[in-house]
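J.: Those sequence lines, one after another, are chains L and C. For the first sequence, our numbering assigns the number 283 to the last residue and increments by one with no breaks. For the second sequence, our numbering assigns the number 187 to the last residue and increments by one with no breaks.
FYI, nobody ran anything at the bench for these hints, they're computed from the structure. Careful: at least some of the hints might be erroneous.
To be verified - Derived EDC-like pairs: lysine to aspartate or glutamate, alpha-carbon spacing no greater than 20 angstroms straight-line:
1. Lys78/C / Glu46/C
2. Lys35/C / Asp275/L
3. Lys78/C / Glu10/C
4. Lys11/C / Glu63/L
5. Lys141/C / Glu15/L
6. Lys141/C / Asp112/C
7. Lys84/L / Asp124/C
Claimed, not checked - Selected chain L positions facing chain C (in silico; Cβ < 10 angstroms):
8. Thr26
9. Arg29
10. Gly32
11. Met34
12. Ala57
13. Ala59
14. Phe64
15. Ile66
16. Glu71
17. Arg181
Just so we're clear, the structure is a prediction, and the values are computed from it rather than from any experiment. Each residue gets a CB set at the ideal place from its N, CA and C atoms; glycine is no exception.
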Amino acid sequence: MVKVMQCSEFRELSEAYLSDELLVETNLRVFGHMESCPKCREDFAARRALRSRMREAVAASPEFAIQPAFETRMTARLREEALKGRGWASLLASPKMLVPGFAVVLVMFFGGLVGLRMLDSGSIVANANTSLSAFLAETSAKAAGSHDHCALKKMQRWESKEIPIDPAAEQTAEAIAEPIRASFASDVEILHSHDCMYEGKRFSHVIVRRGTHVLSVFFDREGKAKFASDGGGHIVSEREGGMQVASFVAPVGPVFVVSDLPEAENLSTARALSDALRGRDSI
Amino acid sequence: MGWFRESSEEKWEAFAEEAMPHMPDLYRVAVWLTKNRDEAEDLVQETMFQALKSFHRYEMGTNCRAWLVTIMYNLNYKRIAKLTKLKLVDDPEERLAETVPFEPSVPESLTDESIIAALKDVPDSFRSVVVLSDVEEFSYKEIASILDIPMGTVMSRLYRGRRILRQTLAGQAREYGFGGGLRAAEG
Numbered sequence: 001m002v003k004v005m006q007c008s009e010f011r012e013l014s015e016a017y018l019s020d021e022l023l024v025e026t027n028l029r030v031f032g033h034m035e036s037c038p039k040c041r042e043d044f045a046a047r048r049a050l051r052s053r054m055r056e057a058v059a060a061s062p063e064f065a066i067q068p069a070f071e072t073r074m075t076a077r078l079r080e081e082a083l084k085g086r087g088w089a090s091l092l093a094s095p096k097m098l099v100p101g102f103a104v105v106l107v108m109f110f111g112g113l114v115g116l117r118m119l120d121s122g123s124i125v126a127n128a129n130t131s132l133s134a135f136l137a138e139t140s141a142k143a144a145g146s147h148d149h150c151a152l153k154k155m156q157r158w159e160s161k162e163i164p165i166d167p168a169a170e171q172t173a174e175a176i177a178e179p180i181r182a183s184f185a186s187d188v189e190i191l192h193s194h195d196c197m198y199e200g201k202r203f204s205h206v207i208v209r210r211g212t213h214v215l216s217v218f219f220d221r222e223g224k225a226k227f228a229s230d231g232g233g234h235i236v237s238e239r240e241g242g243m244q245v246a247s248f249v250a251p252v253g254p255v256f257v258v259s260d261l262p263e264a265e266n267l268s269t270a271r272a273l274s275d276a277l278r279g280r281d282s283i
Numbered sequence: 001m002g003w004f005r006e007s008s009e010e011k012w013e014a015f016a017e018e019a020m021p022h023m024p025d026l027y028r029v030a031v032w033l034t035k036n037r038d039e040a041e042d043l044v045q046e047t048m049f050q051a052l053k054s055f056h057r058y059e060m061g062t063n064c065r066a067w068l069v070t071i072m073y074n075l076n077y078k079r080i081a082k083l084t085k086l087k088l089v090d091d092p093e094e095r096l097a098e099t100v101p102f103e104p105s106v107p108e109s110l111t112d113e114s115i116i117a118a119l120k121d122v123p124d125s126f127r128s129v130v131v132l133s134d135v136e137e138f139s140y141k142e143i144a145s146i147l148d149i150p151m152g153t154v155m156s157r158l159y160r161g162r163r164i165l166r167q168t169l170a171g172q173a174r175e176y177g178f179g180g181g182l183r184a185a186e187g
């Protein structure tokens, strides 16, 4: 049997009823009481009317209306804030953007490498010449806003790849990962391998995770004919946009290693790769 | 490829879709909190930038408006703490509400201005709950989460806040000689 509700209980429950916070069963009891008690019915109607009036009053008041100019300004500033991270620093923070970012850096580096005179002695050459720096600065400003040239950009959006992957790409990826594994005895995983194009130049691009770091390794197969290999003995080190780029010319062609590792570790990775590729005409 | 996170552009698109439409609501709440247009805009700005920064923590499909208002209240607490450099151990407004004696009838002939003025007269901790519940239509559970208080406190503050509001409005009616009020229960 349903307990009859008294006015005191109704007043207690009516606050929650007003906010639509009662269980269905209690709602029915509250409703039942109002049916039989004109005083409580009137009281509740007044409370409900006041509640509606509050909402209407605030909605109609210019004091509580956001200024369109402020809203527009905020939208623009927030958008700028959200997208400003498209620079190199955020590429490091956002692995998804990191990979095409690597591609651009690498490609820029390769372009600059044409004008870079590799030194004859020593295995590590730090600091590229001024014209290369100027080239990198100019190109990075253009490229940082786009990242359109790496096939991975398309893959991130789950679109079909525009560039057919070299059938040898998987073998290439393993050939890359294996010496890195062997040298660092660390958790090494191939994240992806594909071919990508930049201004008509085709690269084989292998992305490897080493521990918590991501490395991109690029091969310029066509460059094999243009650059005589020195057996991978000379490694050029460059820092661009917060990332380390180490490059060398292996028998298979120019190779580039890009990562957010400290310079010494990026170089040692490149060194391990260079040693592994020495004497190999193809991979 | 699940390892890769979304790009900045995708993040912005999601934020623009989920959070940006609530900016007018946030502004309304900010006006209640700051009682000043410029400070309200500052608070909205701070809230939206904080939300953008923390957007990875927002669970898509949940109540984004409640999430944003929660951020706003947290920022507002910090703002007040900076201003006052005081830690409230006891809420004097709780005691004030205990002294509200009864609810006289509320006049029908209320203007929007008088309702807003009466709402502004309700002490802050009660007004917050009344505004969040009756104006912004958040649930008790959402209000409890936004204000970081127990559900029971939400209910008691709402009850007292509404009573204070009705009393203030009835007082205005007496002052200006309004008659024919909407009767409210006494006691």
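J.: All the hints need checking, so say for each whether the structure fits it.
T.: Verification of the supplied hints:
Of the pairs offered as hints, the one joining Lys78/C and Glu46/C holds, with about 12 angstroms between alpha carbons and a cut-off of 20 angstroms not exceeded. At most 20 angstroms may separate the alpha-carbon atoms for a hinted pair to count; Lys35/C and Asp275/L exceed this at roughly 69 angstroms. Simply put, Lys78/C and Glu10/C have alpha-carbon atoms about 31 angstroms apart, too far for the 20 angstroms limit, and the pair is violated. Among the hinted pairs, Lys11/C with Glu63/L is inconsistent with the structure: their alpha-carbon atoms are about 32 angstroms apart, more than 20 angstroms.
Of the pairs offered as hints, the one joining Lys141/C and Glu15/L holds, with about 15 angstroms between alpha carbons and a cut-off of 20 angstroms not exceeded. Of the supplied pair hints, the one linking Lys141/C and Asp112/C is violated, its CA atoms being roughly 29 angstroms apart against a limit of 20 angstroms. Taking the CA atoms of Lys84/L and Asp124/C, the gap is about 39 angstroms. The hint is violated against a cut of 20 angstroms. Among the interface hints, the one on Thr26/L is violated; its C-beta lies about 14 angstroms from the nearest C-beta in chain C, farther than the 10 angstroms criterion.
Because the smallest distance between the Cβ of Arg29/L and any Cβ of chain C comes to about 18 angstroms, over 10 angstroms, the interface hint for this residue is violated. Violation of the interface hint for Gly32/L is found here, the shortest Cβ-Cβ separation to chain C being roughly 18 angstroms, above the 10 angstroms cut-off. Because the beta carbon of Met34/L sits about 12 angstroms from the nearest beta carbon in chain C, more than 10 angstroms, this interface hint is broken. Hint on Ala57/L holds. Least Cβ distance to chain C is approximately 4 angstroms, under the 10 angstroms limit.
Look at Ala59/L: its Cβ gets to within about 9 angstroms of chain C, closer than 10 angstroms, so that hint holds up. The interface hint given for Phe64/L holds, since its Cβ lies 5 angstroms from the closest Cβ of chain C, which is under the 10 angstroms cut-off. The interface hint given for Ile66/L holds, since its Cβ lies 4 angstroms from the closest Cβ of chain C, which is under the 10 angstroms cut-off. For the restraint placing Glu71/L at the interface with chain C, the shortest Cβ-Cβ distance is roughly 6 angstroms, inside the 10 angstroms limit, so the hint holds.
Using the Cβ-Cβ criterion of 10 angstroms, the hint placing Arg181/L at the interface with chain C is not satisfied: the shortest such distance is roughly 18 angstroms.
When the structure is compared with the earlier hints, violations turn up for hints 2, 3, 4, 6, 7, 8, 9, 10, 11 and 17 and for no others.
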